[in-house]
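In case you want the letters, here they are:
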Amino acid sequence: MRMLFFAPYVLSEVVTAVVWRQIFRPSGAIDAVISGVSSHDFQGLWLANPKIVLYSLFFVITWKYFGFHMMIMLAGLQQIPDELQEAAAIDGASSWQAFRCITLPLLAPAIRVSVFLSMIGSIQLFDVVWVLTGGGPINASNTMATYMYDWGFERHHIGYANAVSVIVFGLSLLVALAYQRWALRRDVEGSLTAMGA
Amino acid sequence: MVDDVVDLATRPTQLPGSGRRFEIRSAVARGFLYLVALVVLATIILPVLYVILGGFRSTPQLASDPLGLPHPWLFSNYRAVLGLGSFWRQVWNSTLIAMITVGLVLPAASLAAFVLSRFRFKAREGIYTLFTFGLLFPVTVAILPLFIVVRQLHLINSPLGVALPQAAFALPLSIIILRPFFASIPGDFEEAAMLDGAGPLRFYWSILLPLSRPVMATITVLTIVTSWNAFLLPLVVLNKSVQHTLPLGVTNFSSQYTTDTAKVLAFTALSMIPALLFYVIAERQIVKGLAGGAIKG
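Protein sequences appear in the order of chains A and B.
Residue numbers for the first sequence follow the working numbering, beginning at 154 and rising by one.
Residue numbers for the second sequence follow the working numbering, beginning at 3 and rising by one.
In short, the hints are calculated from the structure, not lab data.
Note that beta-carbon positions come from the ideal geometry of N, C-alpha and C, so glycine has one too.
Some hints could be false.
[To be verified] Some chain B residues judged to face chain A by a derived CB distance under 8 angstroms, without partners named:
| # | residue |
| --- | --- |
| 1 | Leu51 |
| 2 | Tyr52 |
| 3 | Trp75 |
| 4 | Asn231 |
| 5 | Val238 |
| 6 | Leu267 |
| 7 | Thr270 |
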């Protein structure tokens with residue numbers, strides 16, 4: 154079962170994007186589901202409406218990386234000793250209380266790592282967006298990386314694109330250092346290094 | 003809540019030894035959690051199934067009823083894609099680039115980690131930190147200067163033009179995974195080897211590497227998967243369609259045959275198979291590598 158949850162993570166971002174382009178297409182699978190439920194013809198402009206396209210992208214990216222973050226949480230869960238649950242049960246805690254007061258706080262390091270990786274990943278997001286929307290419609294879904302690629306390799310303003318990439322690098326460095334300083338430092342000492350992938 | 007308390011009161015003896023991590027005692031809550039898990043699982047799996055099954059249908063079938071099962075089952079799409087010379091060439095290109103990358107990463111990363119873990123010298127931590135900073139410097143950010151350097155080396159349209167940068171960018175993570183593992187191998191081994199007259203390289207080759215097989219496997223898997231899925235670097239470096247890797251091929255194919263949905267789905271499904279197969283075979287290594295790299299360090 155776990156393996157099934159993990160399957161999308163193994164697919165490349167490109168394949169993911171191609172798959173979802175087929176599903177999102179007008180009168181495609183998603184439209185058919187909604188038409189079936191609401192019993193009248195429905196056409197959602199999932200990728201063509203500038204106001205919707207970002208939410209479609211959020212969904213696709215969540216779909217792809219769900220398994221990865223689940224794996225981080227699982228690794229975190231395995232580090233919580235069973236005794237704590239037992240002690241809580243003996244003290245009369247309900248399962249919700251045990252989750253709220255034991256599991257969640259002890260899972261915090263895993264959650265912080267997960268949030269960190271999501272942030273860094275989003276700053277550099279390119280493949281999914283480029284294949285799924287190309288940054289459009291009307292730039293509504295451009296990320297910093299697609300913007301840079303657009304200027305550098307499509308319009309051949311290499312200098313300008315370089316400026317963009319320096320700023321992207323500065324931003325992600327800033328985010329990484331700030332997050333490390335304020336959030337991650339309580340977990341592991343000096344572990345800029347520990348944040349893999 | 004009341005339910006829980008009663009439950010606790012009536013069966014107190016079962017609790018300590020029960021061995022279950024999360025005992026959720028209310029049936030409603032348990033049912034609800036299972037329902038959530040099932041919905042998430044369906045959301046994750048259905049798109050993959052949609053692609054695979056869609057490949058067995060015809061485009062008119064897909065247009066008239068996007069959700070139906072194949073009826074009748076058509077094998078022509080898959081057969082057509084498997085008969086494409088370009089498909090197999092892309093598989094070969096992807097494989098070749100992945101192999102070269104691994105061939106570069108394994109010796110480079112393990113030798114670097116060997117020196118950084120088993121020798122004591124002044125700049126050691128400084129060099130290690132430098133490597134770790136590589137993690138914050140991904141290909142996306144470096145793509146423009148990288149492109150210019152690759153062009154100056156006349157490696158545009160060559161597999162090496164992709165493999166060399168990929169190997170370089172795989173080094174930080176590999177070294178970070180390898181170093182603690184190497185460091186944890188007891189010094190006694192080294193002493194014994196030295197007494198038997200082995201030099202450092204001999205120790206590295208005959209003792210360290212054989213002991214590190216699992217962690218080397220993790221790195222191999224991570225490197226292959228990353229290389230296999232890479233898009234931006236091949237997109238920039240490989241301009242000729244003869245050189246294209248699978249991700250580039252999938253994108254091109256899907257924009258070339260926009261009207262023939264069924265064939266696009268078949269092509270996409272076939273290009274998913276190597277990654278999925280590889281994952282099934284190497285699952286444990288991937289998970290171990292990810293969990294180790296992400297949490298411990």
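Each hint, compared with the structure:
The beta carbon of B/Leu51 is not positioned within 8 angstroms of any beta carbon in chain A (closest approach about 10 angstroms), and the interface hint is therefore violated. Look at B/Tyr52: its Cβ gets to within about 6 angstroms of chain A, closer than 8 angstroms, so that hint holds up. For B/Trp75, the shortest C-beta to C-beta distance to chain A is roughly 19 angstroms, which exceeds 8 angstroms, and the interface hint is violated. Interface restraint check: B/Asn231 against chain A, minimum CB-CB distance 3 angstroms, threshold 8 angstroms, status holds.
A cut of 8 angstroms between beta carbons decides the hint on B/Val238: the least distance to chain A is about 6 angstroms, and the hint holds. Interface restraint check: B/Leu267 against chain A, minimum CB-CB distance 6 angstroms, threshold 8 angstroms, status holds. Because the closest C-beta pair between B/Thr270 and chain A is about 5 angstroms apart, less than 8 angstroms, the hint holds.
Going through the hint list in order, the structure does not satisfy hints 1, 3.
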